[in-house]
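All chains should be built: construct the whole structure from the sequences, respecting the hints.
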Amino acid sequence: MSWRKKASALLKAELKKKDVSYGELSQKLATIGLSDSANSITVKINRGAFGFDFFLQCMHVIGTHTLRLEK
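Be aware that the sequence shown starts at 3, since it is given in this note's numbering, and climbs by one per residue.
Source of the hints: derived by calculation from the structure; they are not laboratory data. All the pointers check out, no bait thrown in.
Calculated pairs, BS3-like style, for lysine-lysine (alpha carbon to alpha carbon, straight line, at most 27 Å):
id, residue 1, residue 2
1, Lys46, Lys30
2, Lys8, Lys19
3, Lys18, Lys7
4, Lys30, Lys7
5, Lys7, Lys19
6, Lys8, Lys20
7, Lys19, Lys30
8, Lys73, Lys46
9, Lys8, Lys30
10, Lys7, Lys73
11, Lys73, Lys19
12, Lys14, Lys30
13, Lys7, Lys46
14, Lys30, Lys20
15, Lys20, Lys7
16, Lys30, Lys18
17, Lys73, Lys8
18, Lys73, Lys18
19, Lys73, Lys14
20, Lys20, Lys73
21, Lys14, Lys46
22, Lys18, Lys46
23, Lys46, Lys20
24, Lys8, Lys46
25, Lys18, Lys8
26, Lys19, Lys46
Following this line, the structure appears as structure tokens:
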């Protein structure tokens with residue numbers, strides 16, 4: 003599995019765990035100044051085409067403070 007796919011899968015898993023949709027994520031990100039649409043976020047996450055800063059912002063707004071990475 004590529005690193006992009008791993009990053010995408012990890013973010014998707016956290017969103018599912020927190021029961022947060024892409025639309026809700028878009029709204030939460032707007033509270034910290036990011037104005038990506040739900041469609042834009044969906045494309046980013048599905049492609050795994052996002053930077054670590056975006057990943058951290060997502061984790062912050064959904065309330066994930068600890069991640070366990072599998073080998």
